[in-house]
Amino acid sequence: MNELTAAAMDELWLESHDGVALRVYRSAPDPAKPALLVVLPATTTVALIGAAVDRLARSFNVITWETRLVHDPGAADDEATAMSLRANVGDLESVFRYFELSRAYLIGYCTGAPVALHAAAQHPGWFPKLALVAGSYFTQPGECELTQHERDILKIMPHIAADEKNAAAVSKTFVYLRDSGKLQGDAFALATYRPFYEGRSLHRLGLLVEDLIRHGSRPVAREIAVPALVAAGRDDTQTHYASSVLLGSELRAAELYLDDGDHYAFCRGEALLMARIAGFFGEDADG
Amino acid sequence: MSAEPIEKSAVEQRLTDIWKSLLNVEARSDDSFFDLGGSSLTALTMIVDVQAAFGVEVDVQAFFETPTIATLARTIGEGR
Numbered sequence: 001m002n003e004l005t006a007a008a009m010d011e012l013w014l015e016s017h018d019g020v021a022l023r024v025y026r027s028a029p030d031p032a033k034p035a036l037l038v039v040l041p042a043t044t045t046v047a048l049i050g051a052a053v054d055r056l057a058r059s060f061n062v063i064t065w066e067t068r069l070v071h072d073p074g075a076a077d078d079e080a081t082a083m084s085l086r087a088n089v090g091d092l093e094s095v096f097r098y099f100e101l102s103r104a105y106l107i108g109y110c111t112g113a114p115v116a117l118h119a120a121a122q123h124p125g126w127f128p129k130l131a132l133v134a135g136s137y138f139t140q141p142g143e144c145e146l147t148q149h150e151r152d153i154l155k156i157m158p159h160i161a162a163d164e165k166n167a168a169a170v171s172k173t174f175v176y177l178r179d180s181g182k183l184q185g186d187a188f189a190l191a192t193y194r195p196f197y198e199g200r201s202l203h204r205l206g207l208l209v210e211d212l213i214r215h216g217s218r219p220v221a222r223e224i225a226v227p228a229l230v231a232a233g234r235d236d237t238q239t240h241y242a243s244s245v246l247l248g249s250e251l252r253a254a255e256l257y258l259d260d261g262d263h264y265a266f267c268r269g270e271a272l273l274m275a276r277i278a279g280f281f282g283e284d285a286d287g
Numbered sequence: 001m002s003a004e005p006i007e008k009s010a011v012e013q014r015l016t017d018i019w020k021s022l023l024n025v026e027a028r029s030d031d032s033f034f035d036l037g038g039s040s041l042t043a044l045t046m047i048v049d050v051q052a053a054f055g056v057e058v059d060v061q062a063f064f065e066t067p068t069i070a071t072l073a074r075t076i077g078e079g080r
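Respectively, the protein sequence lines represent chains A and B. Using the numbering used here, read the first sequence as starting at 1 and increasing by one per residue. Using the numbering used here, read the second sequence as starting at 1 and increasing by one per residue.
For reference, chain B alone in the conformation it holds in the complex (with noise of 0.2 Å):
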């Protein structure tokens, strides 16, 4: 495991306060969401969830192939 490179963002944080919520851990921006326990379902759900926090909708194909928090995040701010 890396150290935080640097401080996350309002939307970062909102983000590893929806995966603790989901997974019970506290994620890095860089983590894996799968390395940390989730699977396709949880996936799901926390689409759904953010989806709903960020009144955005979520590029799927992006963040499976992807899925960090960092990734999210700028598809986020994409969407805004």
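Bound conformation, chain A alone (with noise of 0.2 Å):
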């Protein structure tokens, strides 16, 4: 399957803590499963990771939401504050209390592994168990051996992020290669680029991934007690799969799932991975 499927998912709006609307989905909710909180890549709707979402709602209430302004036009009074890692993590908070949890499982994807690793750092009663699949840990060259997206990464975010005119430059070249059909990769790797073709949007994307940058993965990843599970597949040629060794060897109570999949294996909703995550957790990946 290299297609995406929509999600069997209802979708409400809730105020996040700054006042930002937030698009959240959730599964049909059954009070014999327990709640799982999956943070999303940055860049991608919930669309991308719809069949994953189907199987992991076999066993769990899956709730999830949208990188907060990126996808939807909204205002924001400072940009740099809207879209630090710290409002991220608020907006998971702020989903947590909405949805009026004690505990829950958590899944942090790609960009949403290192918002995922704060939260689980700041609180260690909320989240048993954590699992981050295909991280973005933005370790630094000489760290770990990196992926050539890696490398762009690190490179044109910060100039992405530095004016919304170059964000603008940028996005109109990615609208010029999108329309001449130049773009290169499957459906799922051109999801990821929708924020690419707008430049509020992608500055917006630039100053989150700057702040994630910045913060760096490995000190907090030191902070966190709960038992982890780090997903990655040595056919991943966005995020490499060393820096997600790097980062378990930083968790106190890490298991490393270590396959040949690709970055996407995780949105197919491929079986051994599914399946490796769920019994992680304690449930069986069928229901």
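If you're looking for bench data, these hints aren't it; they were derived computationally from the structure. Think of the CB as a built atom: it goes at the ideal place given N, C-alpha and C, for glycine as much as any other residue. Keep in mind that the hints are not guaranteed to be accurate.
Claimed, not checked - Straight-line alpha carbon distances no greater than 27 Å define the calculated DSS-like cross-link-like pairs of lysine-lysine that follow:
id, chain 1, residue 1, chain 2, residue 2
1, A, K155, A, K129
2, A, K155, A, K165
3, B, K20, A, K172
4, B, K20, A, K155
5, A, K172, A, K155
6, A, K182, B, K20
7, A, K129, A, K33
Stated by the list, open to error - To spell it out: a stretch of chain A is covered by chain B in this simulated footprint if at least three of its residues, at any positions, have a beta carbon under 8 Å from a beta carbon of chain B; those stretches are:
id, stretch
8, 150-159
9, 165-177
10, 181-187
Starting from two chains that each stand alone, build the complex the way the hints lay out.
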């Protein structure tokens, strides 16, 4: 399966801690199932993980939300503050409180992984277990092997964050590439370019990524005591599995799950990965 | 791979250095950026670097049609 599939989820809006509107999704609630929060990559909408949600919803009440202000053109007084790591962790806290959860399992995928890490560090009682999938940990050259994509992101995102005009210029080129059919990648890869087609969205994405780069992931990983599953694929050309191995070595109680998958194995809901995640949380992936 | 036909100009050499910083390979003037491992995002990063280094607007369409150092050097020469 290489196409995006719509997840069977209800959509609702909630007002986050600073008044920003969040687009939130949840699977059909079942009081017998434990809650599972999924922190999405900042670049994508929920459509990217439709297949994963369908599979995980057999065992969990799945709740997720799209990264603030990137996919919807809301207003923000101070964009750098609104797009900070802190504000994104605040969204996770707002979602947790809105659904009146006492505990939930937590998955962070791609750029959602560092947000999940910081939330888990701040709320050890909320999240008994944490799964990090194909995480973007923004490790630096010299720390471990990086993909070309990671090197590109480390270089271009600070430029995009520095000035909305820079973001607009980059965005203009992406629109040209899209319209001329020159963008490379399958449906999943192309879906992650969505914010790149509009200058303001791209600038906001750049501000968040720049803040994630500034914080890094290794220091906060050392603070996390709950069991964590770190999953990565050797064929991932977006985030190198070496950064997952490195990150896992910083966690106090980590299990590493390494397979031959690519960056989008999670999006496709690949059976072995889903079973591993569900098994780690103590549930059966097939419900 | 063909042998380098002629000596690189100063502009081409500067471009070669920029490509090497991104792709980790020593490119010839007629090598395709994408054959050397560059992606669309890498190309964007390279264009930003080139514009900063030379102070000119890169003709993006011309580059993506012929993604070589020779093409870039020509458009940079015309833009100065």
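When the hints from earlier in the document are held up against this structure, which numbers fail?
Violated hint (a single one): 1; every other hint is consistent with the structure.
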